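4 protein chains.
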Amino acid sequence: MGSETKLIVRYQETDQMGIVHHSVYPIWFECGRTDYIKSMGMSYGQMEKNGVMLPLLSMRCQYRYPSYYEDEITVQSKIQSLTPTRITFHYDIYRKGHDKPVVQGETEHVWTDDGMRPVNLKKFRPQLFEFMNNLYLQEGSNEQKQE
Amino acid sequence: MGSETKLIVRYQETDQMGIVHHSVYPIWFECGRTDYIKSMGMSYGQMEKNGVMLPLLSMRCQYRYPSYYEDEITVQSKIQSLTPTRITFHYDIYRKGHDKPVVQGETEHVWTDDGMRPVNLKKFRPQLFEFMNNLYLQEGSNEQKQE
Amino acid sequence: MGSETKLIVRYQETDQMGIVHHSVYPIWFECGRTDYIKSMGMSYGQMEKNGVMLPLLSMRCQYRYPSYYEDEITVQSKIQSLTPTRITFHYDIYRKGHDKPVVQGETEHVWTDDGMRPVNLKKFRPQLFEFMNNLYLQEGSNEQKQE
Amino acid sequence: MGSETKLIVRYQETDQMGIVHHSVYPIWFECGRTDYIKSMGMSYGQMEKNGVMLPLLSMRCQYRYPSYYEDEITVQSKIQSLTPTRITFHYDIYRKGHDKPVVQGETEHVWTDDGMRPVNLKKFRPQLFEFMNNLYLQEGSNEQKQE
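Protein chains in written order, with the working numbering: chain C, 703 to 849; chain U, 703 to 849; chain P, 703 to 849; chain S, 703 to 849.
Looking at chain C on its own, in the form it has when it is part of the complex (with noise of 0.2 Å):
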């Protein structure tokens, strides 16, 4: 069902337009994947550890409204999509006070061994798919996300 990132806008993430840079979205993108990661029981450090990485092939960011410094941010994150060789998250930010989401985005990513080549995750480490696919197949209402 995802999973749900608290943060506080920090003073070195707003720019001379006074606002968050579109930068920084990226980052918070990653706090709640490693969230999301954490919240089915592992870390994305020990995915590392036993020779599995999730290096980025795509991004997009929609920026709607902007945020301030010191805003309370929640990043809600879900798998948009699994295959053997690829997942791609997304993420809806929200800002406290603002019933929309300010950024919205997806990042897709590739499965690849310690040494960055690409691998079958279902052939590569079939207990971790099964348990990922069995976390995508209960979101069930991905179908229906906003763009």
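Don't take every hint at face value.
Same chains, same names: a pair is fine if it fits in one copy or spans any two.
[What the hints assert, rightly or not] Below, in silico cross-link-like pairs of lysine-lysine (DSSO-like), each with a Cα-Cα straight-line distance of 30 Å or less:
| id | residue 1 | residue 2 |
| --- | --- | --- |
| 1 | K708 | K825 |
| 2 | K824 | K708 |
| 3 | K825 | K798 |
| 4 | K802 | K751 |
| 5 | K798 | K780 |
| 6 | K751 | K740 |
| 7 | K798 | K824 |
| 8 | K751 | K798 |
| 9 | K802 | K740 |
| 10 | K708 | K798 |
| 11 | K780 | K825 |
| 12 | K740 | K708 |
| 13 | K802 | K708 |
Quick caveat, the hints were computed from the structure, so don't treat them as lab data.
Here the structure is a predicted model, which means the values were calculated and not measured.
With chain C fixed as given, assemble chains U, P and S onto it according to the hints.
Chains U, P and S only, in chain C's frame:
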């Protein structure tokens, strides 16, 4: 035509995967955008002082190959599309010794006044719009850009 | 007394040495400072809107132990010294499972108006100065801090 | 005689005070350090591949004047002190059009092997130590550096 920006990968820009972190490329896009505008004989800083801002609406990145500490990077930037209310830049990022782009991306921006209210640039700053539009038309070969 | 700020190490904060990059700790100091001011019932954002700014004069960091991705970090912040023209904060950064501070530091700031001109806070904003001074005096145990 | 590194201030490096955020200068110090080592005919990346690392022990920054978006920055770097177990670099950061350094700083490093264990460089890599020591001695004028 477009502009070229030269950068050297900073140690701080790497992550524990041993490669440039994906959130760094949007910052390099911005360096490219700054240089593009400067190559036109203007400056983005000056534009802001004149009350015109260019916040992002959306961003896309395609990560094709990794980059590493101390790599010599070239950012090629150009206008991909221009209307009185929006402008989109396209970026190709190269690392020395590698002939294909390692990362490609687009950033879509909205023209606003200094209160971040969207404006029709053709009416708000007709000379600036003419100037940008001439540049855009001169680029010509935008149509057959690779994706 | 002081305040405590909890953080989780972000992947983006690591470098190719596999540890948190040293330039990240000053950002965590700032998170600590923000929370310290908030714990006093104020907000640094509000202070800025009231025309009082706190740019840095100097910073010192002692790096004693590394931190790693996903570590649970605590930043302890307190006022180290206060005069009508300057304020110095001291920070002790802990990671869970390690009883000594991993990083310690100080930041020295000058009180300025919103044009970045140095001010005598006691004259410029007497109530704010009294408020800060009471806090500082309450901390008391500042003298025997380790270095 | 030290090295010089040229940089242009990035938009992302500014904060809502409208100036370069103080956490950026340590990153510029690192760019200077990289160039200093490169100017000696080596590369820090190569040093790391040869099993020698240089994690930080401490850092000091003096912020004298602000820098702004698009400023042309010069980082002057040199060795301030060298022993078989430690090395300290000094940095003077200038912005074009301003004759005094805007920021000055030092970083103190410990020589370690690739397991981050402190080493005596004179024994661990005698040639590298000799090389560094000759450079350090050639700088000569280190004694009368301003503070």
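Hint check:
For the homomeric pair K708 and K825, neither the shortest alpha-carbon distance inside one copy (35 Å) nor that between copies (39 Å) is at most 30 Å. Taking the shortest alpha-carbon separations for K824 and K708, neither the intra-copy value of 32 Å nor the inter-copy value of 37 Å comes in at or below 30 Å. Proximity of K825 and K798 under a CA criterion of 30 Å is satisfied in neither setting, with 43 Å inside one chain copy and 36 Å between copies. With identical chains, the CA atoms of K802 and K751 are at most 30 Å apart between copies only, with a shortest distance of 26 Å across copies and 38 Å within one.
In the homo-oligomer, the alpha carbons of K798 and K780 lie at most 30 Å apart both inside one protomer (20 Å) and across protomers (28 Å), since each shortest distance falls under that limit. In the homo-oligomer, the alpha carbons of K751 and K740 lie at most 30 Å apart inside one protomer (15 Å), although the nearest pairing across protomers, at 33 Å, exceeds that limit. In the homo-oligomer, the alpha carbons of K798 and K824 never lie at most 30 Å apart, since the shortest distance is 40 Å inside one protomer and 35 Å across protomers. For the homomeric pair K751 and K798, the shortest alpha-carbon distance between copies (20 Å) is at most 30 Å, but the shortest distance inside one copy (36 Å) is not.
In this assembly of identical chains, K802 and K740 lie within 30 Å of each other by CA distance both inside one copy and across copies; the values are 26 Å within and 27 Å between. Within a single copy, K708 and K798 get their C-alpha atoms as close as 10 Å, and across copies as close as 19 Å, so both meet the 30 Å cut-off. Taking the closest pair of Cα atoms, K780 and K825 come within 30 Å of each other only inside a single copy of the chain (24 Å); across copies the shortest separation is 43 Å, beyond that limit. Taking the shortest Cα distances, K740 and K708 sit within 30 Å of each other both inside one copy (14 Å) and across copies (17 Å).
For the identical chains of this complex, K802 and K708 are neighbours both inside a copy (16 Å) and across copies (27 Å), given an alpha-carbon limit of 30 Å.
The structure does not agree with the numbered hints 1, 2, 3, 7 stated previously, though it agrees with the rest.
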